[in-house]
Amino acid sequence: MIRYIIRRLLLAVPLLLVISALTFVIVEIAPGDAAQMYIDPEKGTDPAYIEQIRRNLGLDQPIHVRYVAWLGQTLSGDWGFSFRSRRAVTLEVGDRLPNTLLLGGTALLLSFVLAVPIGVISAFKRYSWIDYTVTTLSLVGTSIPIFWVALLFIQVFAIQMDWFPASGMRSVREQYTGWQSVIDVLHHMILPTIVLALAQIAGWSRYQRSALLDVLGQDYIRTARGKGVRERRVLILHALRNALIPMITLVGISVPSVVTGAFITETIFSWPGIGRLGVDAVSGRDYPVIMAVTMLSAVLIILSSLLADIAYAWADPRIRYEQS
Amino acid sequence: MRKLSLILILFVILSVSAVSAQESSTLIVQSNGDPQTLSGLYANDGNSLSVVTFLVEPLVLGGENWGDSIEPALAESWTVSDDGLEYTFNLRQGVKWHDGVEFTAADVLFTYQVVLLEENAIDWRSNLLQNGEPFGFEVVDDYTFKVILTQPDATVLTALSIPIVPAHAFESTNVVDAPFNTNPIGTGPYRFVEWNTGENIVLEANADYWRGAPKIGRLVVSFIEGVENSANALLAGELDFARIDGADLTPFQDNPDFTIVEAPRDLMRYVGFNVQSELYSDPAVRQALAVGLDRNAVIDAVAGGYGILPDSVFNRSVFVYEEGRNAQYAFDPEAAKQQLADLGWTDSDGNGFLDKDGQELTLNLAYLGTWSLMQNISPIVYDNWRALGVNVTLVPLDDAAANTEIYDNQNVEKSYDAFLGGWGLFGPEPDHYRNYLASETGFFAYNNADVIALFDEGRSTSDADARYGIYEQADALLWQDLPLIPIFQPIGVYVFRSDLNLEEAEINGTFLTGLKFPGNAYFVES
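Those sequence lines, one after another, are chains Z and W.
Here my numbering is used: the first residue of the first sequence is 7, the next is one more, and so on.
Here my numbering is used: the first residue of the second sequence is 283, the next is one more, and so on.
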């Protein structure tokens, strides 16, 4: 198992190199560079001034020279400076990443905790009114665009009811300290977390339902029942444990979306996360930040799929990764 | 379950206390996102200016991002020598930087030296050049500063209207990566407190401000993107002031809690002609096309009615602008057809398009295809002019192509007959329009000797009345000649909490630089 993990990690190195080179080239091919994005083309700016900005940003160097320089810097732990803000990339990303992880992680947890029981009940009480209600609701949940739900929630719960804030992560007018500030952040988190979790819950609970139904149709379940094992025991010990295995993969591949997928929700709720940072960086052709966000997502995808595979092997003794 | 209910109770307490503990001394204004810089020298985009205009000041207001008229700021007064070559500024005494150090002429000299240094890549550098050579600067004493020109130039006051930075806050004149850019010190009404990236920037009233301490003690610039999100935040009480034109205004109308103010923005949407092109070199054709364009329909379709129909090629903020002085090109398709017919353009071969001497009236209309505003304007222009019998072809360009084909002011040869454009030109100075209206290589390739002569004369004339007369002539001439058809100037809709009483706050000494100029760059889209 350890040899397998090491092999996977070693394989990730060339993969990351290819991803970084590709990203670099794609940003280069995209029309316009950071200097052009910085100025208003309609102003008819002096070309010498644009050249000066390019020189200051190092954009006058050919692409391979810039890539090698970037690679060397990054490997030595220096992520460079943002073209737009001239702040260290580690600062830019470091300020935002925890906020995104907090929101996305909570939403992921909430989705899992709610989707599994909903799917189980729905499968266990198949074709009951509960099942039909859940099926209808999850159909509605997956069909409605996330931004619409977000706007509806803001209208109802933030503006009409005034229960929760409509924007931001912390109150601005009141300056809370200590535990009050923690409660304040939690208060701001509720609406965006629910919005982020809703679509996930709808999809996952369907997945859990069909996985459980699949297992319940297996021969060993019939055997267990035939041996006179109590239904509750059959469900929890025999069926559910096996039905959770596909969920591991599902959650595993959803982890990276915690970092990358929350852009719409972050914008609508003005959440200071990394999604907005990434999109701003792309539209400003801000290489250092684009590279940092891309590499971060790539590492996360590789790690979470590795973790999912390991967890899979642990949960399902039939799966072995050792070389035969 | 017990814990859950405890948390719920805490939330209730929190929301109740949030209502009762309303602090009147915090003002929360909206901005689209993190500024690119907090240095007044680099701030040139809406997000940065929305913060920086509270922190720093130029010697004289009236520059591109710094107000609607020439007014004394850090310079109390100034005198001009009889030959118009020497400007002597008397600086305000006893003004303190936010860190307590006194402001002197050395700071002014330092600022202009920094701007002139090429490595710094500061956009205002060309402001301080005359025929490629920098102005002469002289520190006479701590409170007297002299600017020496080689030839008279009436635009020098707006050119010098660059925010002053403190010399003692920098280690050298190379300021590209100076710590100051994220931790600024100024002389303005507010001082910088903290920058919470992605969330907001907090400013605090400068009690020693020379105009008097601002009435609002704490000012927060909150980053909320998009007008709908801003409108929601206003309704939820999380914003006090925002520009939300384009959002649904119904909840704010007839609502005593909010005040709505409308003001023209210094942006212009226009159809610019390639004046050197064969078919559109005749002003009479351009005038006919202006009469044949339903500009009000454009305003309704793309700006929800929030636009002003221009009657000048200058923005309203320019000092020479006067409403109603020029005759409007009112929409009248029949009259437009008649005008074209009088010029000899008729449909002689019956193919639906006008022609003259065997040549068809074709028009290539280029625009930046990735700009949704231009996407929305183009079909209206297309329909209107096709109805006149002009064979219009739309040419949407991507960013790179637009940069070389349209936004290139080095070549006289243009590939288009006309293009859709939108400028943001700020402040009262008409000379800022020189690149567009008095330059052969400008976007319109417009080379009218009379206009150029008037712009040159206007630049070298210092007498205010004489200048007004010169630009008044230029305005009339340009409106006749019509190198561009101005379509509309957008109107900004500003909504703020009524109990803030912003007007009174200003009278009482709060000089909210950004808020005072609602038409200006403070609110420009980034």
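No lab work stands behind these hints, which were simulated from the structure alone.
Do not take every clue at face value.
[Said to hold, decoys possible] Label-pair distances were calculated between CB atoms; the ranges are:
hint: 1; chain 1: Z; residue 1: 96; chain 2: W; residue 2: 558; range: 47 to 55 Å
hint: 2; chain 1: Z; residue 1: 32; chain 2: W; residue 2: 658; range: 24 to 32 Å
hint: 3; chain 1: W; residue 1: 558; chain 2: Z; residue 2: 270; range: 56 to 64 Å
Only a predicted model underlies this, so the values are computations on that prediction, with no experimental measurement involved.
Note that CB positions come from ideal geometry on N, CA and C, so glycine has one too.
Results for each hint:
{"no.": "1", "hint": "Z:96 with W:558: 47 to 55 Å", "in the structure": "holds (52 Å)"}
{"no.": "2", "hint": "Z:32 with W:658: 24 to 32 Å", "in the structure": "holds (29 Å)"}
{"no.": "3", "hint": "W:558 with Z:270: 56 to 64 Å", "in the structure": "violated (47 Å)"}
Checked against the numbered hints above, the structure breaks only hint 3 and satisfies the rest.
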